[in-house]
Every structure is written in structure tokens, then in C-alpha cells.
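Engineer: Residues per chain, in single letters:
Number of protein chains: 2
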Amino acid sequence: MSVTFPAGFKAAGVTAGLKVSGKPDLALVVNQGPAPAAAAVFTSNRFPAAPVQYCRQVLAAGATPTAVVLNSGGANACTGEQGMADAVAMAEAAALALGLSPDQVLVCSTGMIGELLPMAKVRDGIGQAVEELADGEPAGTAAAQAIMTTDTVDKQVAVSSPAGWKIGSMAKGAGMLAPGLATMLVVLTTDAILAQADAQAALKEATRLSFDRADSDGCMSTNDTVILLASGASGVVADPSVFTTALTFVCQRLAQLLIGDAEGAHHDIAITVAGATSEAAAEAVGRAIARSNLFKTAMAGGDPNWGRILAAAGTVPAEVAPYDPGRVDVTINGVTVCRGGGVGDPREGVDLSGRQVEIVVDLKVGPAQATILTNDLTHDYVSINADYST
Amino acid sequence: MSVTFPAGFKAAGVTAGLKVSGKPDLALVVNQGPAPAAAAVFTSNRFPAAPVQYCRQVLAAGATPTAVVLNSGGANACTGEQGMADAVAMAEAAALALGLSPDQVLVCSTGMIGELLPMAKVRDGIGQAVEELADGEPAGTAAAQAIMTTDTVDKQVAVSSPAGWKIGSMAKGAGMLAPGLATMLVVLTTDAILAQADAQAALKEATRLSFDRADSDGCMSTNDTVILLASGASGVVADPSVFTTALTFVCQRLAQLLIGDAEGAHHDIAITVAGATSEAAAEAVGRAIARSNLFKTAMAGGDPNWGRILAAAGTVPAEVAPYDPGRVDVTINGVTVCRGGGVGDPREGVDLSGRQVEIVVDLKVGPAQATILTNDLTHDYVSINADYST
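These protein sequence lines map, in sequence, to chains A and B. Heads up: the first sequence begins at 650 in our numbering, then just goes up one per residue. Heads up: the second sequence begins at 650 in our numbering, then just goes up one per residue.
Source of the hints: derived by calculation from the structure; they are not laboratory data. Glycine included, every Cβ here is placed at the ideal spot set by N, Cα and C.
Which chain B residues face chain A? A few, computed with CB under 10 Å, are given here:
id, residue
1, L765
2, D866
3, S941
4, K945
5, A949
6, W955
7, G956
8, V986
9, G990
10, T1027
11, S1032
Isolated chain A, as found in the complex (with noise of 0.2 Å):
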């Protein structure tokens, strides 16, 4: 249930030694048509990566992508004009393999920022990615396993639509996991034929309800990509509408296997905003709470303290989420620890032993609400991310 799922799409994963660990590090997605469209959105950080930067020039020109190649094992992110033309060159090479022009081919990296890339290890990777290309799902997982970092599992969904068009995908992405897309890469892939616009539309509805309402760490990477590729090959057009809903859901199923795997994290948690004026105050609110290194500590001890939920609510300014402190309530796993503001069933109820954490902050004043998923801040997180380099 891969990128392969749906028909016209081949896959790749191999090891071309760009990680010192020998595992599969370059994956290649090809889009055989019949009816090729392509969108993509990415990472609004300043400092985007050399194949986020090549990505967005390909698309702006108004080129249709069929190819998408990846690598895992280096960012080639604040790399300067070097790192740029290795972009351009990962992407020649595969167009030249594939019988493409290159402005057909996508790039993706992943890894350490600020080093280059072993060209000729990509080059090699490359060649030998195309040799591999094939269907179904092997095809598919290899490819899903070569774009893995600190993941610990691959990550894919598969939906079906009854109208005879199918979706695939495949995500890594463990860590610098926040919003303006988390730190990640993606790939949907789609049978449907679909207008161009659409597929751009869709994407950009489906990852704003959420990629972007992932934050596991707070940290915005330089690299976040996700890219659409339809074919066409189910001979199907696809209603824009019912499209997006069903590449919607892919991606919050996505967003939660990444939460799910996110670097030493020991609870998910989905923090809902409830009450508020507006989807965007409640986000607000959410994303303030899911970025308390205090909130995350305390979740990560089984501690159900809530009054670090509100001190983190708290510095949301009443401009962007009205709201009226003396009447919030905070219930944490079914709980009401937390009544108009002040305290409300006692914490000891609270059962913190599972990974999941469902915490409702209903601030009662509007009909508007968001979900912000996020994990606990772990020794474990610290330990991967202060004794390694990545």
C-alpha cells in the first residue's frame, strides 16, 4: 500500500552509501501518465535547501514533474552555489536515465545541513535507482525506507476511493518536526486524472489540516517538501472535492504515524482547542501549549499539570485569540482538572499511563476549534538529538 498503489507509478529504494550506516539511502518515483498533473508545498523556512529552492524555480516555470528522486543521508541545505548545482545535477542525471528533460525531475534531500553531497555517490545511486524502478509494493517500500533518518518505521497510507481512483504515499520525518510543514518529506501519488490546479489546491487544503498542525519539537526544517504526482492511469476524473477530502485524511494519517515515531517520544498528544472565535485562535492557542518545554516535560513524567497548560495559553496576545481567562476549563484524558480557570478534579484521576494523550482546552466563547498534535519532551529526544549529529 505504497506510492506504488495506485497504477502508473514505479518505485526505487537503494544504498548508494551517502549514510554511514550502509542502510538504503536514495529512493526514485516515476509518474508514467498517461495524464500527468503535479503539486508540491514547502517549508516557508528562509534558509530552504538547495532542492527546495531547484524544486520551486522547475515548478514556477510552469513544468509538469513526472520524476521524483530522493536522497536521505545529507540536507545539501546551506550549501551556497555548490549545493545548488548538485541539485540541478541529481536532477540530470535521473532525467538523462529516464529519457526525461530535467525540468521533469523533482529533488528531495534529507539529513545534516551545511555539508555536501558525495555527487558521485548520488550519481552511482542513481543509475542504479532507474535499473530498479518497478511496481507494486516492494518497489514502493524500498523507496519508503530509503528516505528514512531517525524514523524508525516507514510511513504509508493507502486509501481507495469507491469512484475508482486510489491514492499512495509514502513520508519520513522524525525530528524538526513543526509547522509550515513538518520536517519531512512526502510523496501522494494518485491514479485520478486531475487538472493541475486541482491537485495544487487539494494539496495545499490537505496539509494545512495537517502537516501543519504537527509540531512535535517546535523546529522548522529547511527541507520540508511534499509533492503530489497524478497519473491519470485510472482513466478516472476525480471530483476536486471528494479528492481533497481523501487526500485530507491521508495526510493527517500520515501526520500522526509521524507523531507516532517522532525522535524519543514516549506520548503522542493531541492537544484541541475548543470554544474559540476562530480556527486560526484556536491553532494558536494549541501551538502555544504543544511548545512548552515545561508542558512536554511534565506529559513525559506522567504529570497531568495543567497549570503549565494554561501559563502556555497564556502567552497567546488577546488579539489573536480573544478569550476570557476566568472562564477556561482543561480537561486532560477525560478529566476536568481545570474548571473557569481556576482548580477543578483533582489531577490524581488522571491516567497518563497510556501513549496517548487527548487534552481539550475549551475556551468558550466561540464555536471555532483545532487540533494540534505533538509528543512529550524526553531524555530520549535529548539524548538523540545532543549526542548526534543529524
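Chain A is already provided as a structure; the job is to place chain B on it using the hints.
Structural biologist: Below, chain B without anything else, positioned relative to chain A:
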């Protein structure tokens, strides 16, 4: 060299029994004039603790407080109407014992949020503190020790002006240290003669350039309070500009002490953003870096991972801090590891074995700069905040 260093002040620190540890937990500072003035700044958190709300009311009504009662062992925050009544009762108890009116007494609390104070113990402690009030350094140090929570040392700074007046101070704070004040209680004393308006203006400027730029863990408290009491006992009218400079010096030293004692920290990090178009722009970029958990864990691991510095800087919108990402330099402890947004001198040359870390990010677009003080994110921080309710 404590709050009793300037003439006209008495202090006390006693054990009221609020802390389970049995350590001192209630302090009193009294201004004996003859020309009293007072100023204060508070947390901008929208869930201000009851004592913060009480102090704001008293000052807004035009009172000139001459005493401060402070307790550790309980924040009296998110405690509703009972919490407000308790804050008022603390002021009334101190006022009665000191022969003052209640609006001459300010109240500060620190400790766990969402729990009511044991008022019988607080009242007994206030009575005991009034009996033990004394001038001289031991009394001031006793007060400084009684406001400690996870602090490992008491924090006191004092200066003498050649003009004939002095400034003394005490501070507490080790976690929830973030802007809009760090999480802390600070009492500043001076025997200069100061107009109320000059005292407030001096305090506002001094905190802006000190505590507001200390951002240990990005978490803003509900209880932050900085109080300045002037006695006039030196008989010398202070030049407002000279006094502001001296007060800023004291506050900056206190901020360094707070950062130097931050929960679990192994590195004290000064992030200077230079070459900015404005001080606000420099501050925004510095703060974004200071709040990046990936940057902070890299520092904990002794890893000069400059890519994480740029990734964090890149989250600040261009309208907040205009700069060209392709021109930015990053220097860590004297080694320019990033030049022009790309690879600079070898990162292996950076020595991060000491506690002090100096980071300079040069945006190269203007003349303004600002320095943010922060800490690394360590296993000990997680332990302190995950394993204990504070």
C-alpha cells in the same frame, strides 16, 4: 550586598512550613523611607497569579507600597476567588503587623500552579518574619534564600554610586525563564531619592534590556514580578539617567545569575544578533534561535551544529527581520563556521567544553544588535521538569 545594602531597608527570611523540604519559604522586605517610592513590572501572561493581580490593583489605585511579602512553596496562580482572597489576606496580615495600610504591602508568590496556599502557615510565617526584621547583610541574605525554588544558589547583586546612593537586590528563578519577564521574583532596593515616575521609567528600561532578553526555556510564568523600592535614605536625589544605567547594570547581572543557575543547564549561551535593521529585528532572530530545542540539545551535546542555528533564524518572517539569507555569517566561540549562509571554517575548530558559549549571527543589513541569554537543553532539565511537580 543584599536588599538591605542601601540605607532604609530591613528584611527577613523565615520557614513558614510551605515547602515539604522544610527550607525557608517566606520573605519580607520593608522600606523605612524617609522618601519612599515604588515601581513594578509584571508578567504579560494572560493567567496572572492572584498576587500579580493584587499588586496591579494596588499600584493602579495610586498607592506607594513600602513593604513586600514573598513566599515560595506555592504560586497562588489559577486559584480563582479564594486565591485572590488569600493574596489580599497576606497583604493585610503583613500590614497589621507592620502598622501599615494593606495597600502599602505588595505580595509575590512562587511555586506550584493551581493549589491553594495553606493560609494558617502563611500568617504564622508573616508574624515570625516581622519579628525577625533586621537591617544588615544576614537579614537580606535570609530573605534571598527564602524565595528560592529550584534555584541552587541565592542571587544578590549590589552597586554603589559615587553620587552617594546604592542599589541592592535579590532574585529567584531557575525555570519558566522567558521574556515578558523571565519566571522570577526580583526585589530591587535603593536609598536614592527618586520620583515615582522616574522609578517606573528606570525599571521599565532596565528590565527591557535584561530580564526580557533572558530566555532559558521559552516558557513564560504566571507570577513574574520585579519590584523597585526607593527609600531616599541617602538624602541624595538621583539623576534619572545615571540611575537607569546603574539599575540596568544590576538587572543584567541578575539576569546572568538566573541563566547561570537555570534548571539542569550545562551551558550559558549568549546569542548576539548583529547587523540587523533594528534592535527589535535582532531580538526576534535571537529569540527564535534561543527557543530551538534542536539548537539547545546540540549545545548540550557540545555539537557546533550551525545548520540548526540558521534553520531557527529562518523561521522569523522577513517583515519582522529583513535580511538576505545568502549573506548571513555565524560565529560560535570565535570560529566563523558559516559564511554567506553556507559552509565556513571547519566546525571541528569550535571548543564547546566550557560553560560559556558566545554565538554571533551577523545579518549584515544594518547597524542594530541585541543579545539574548539562554541555556542548553539537557537530560537534567528533563529530569527536573518531568520527575517533579513544580
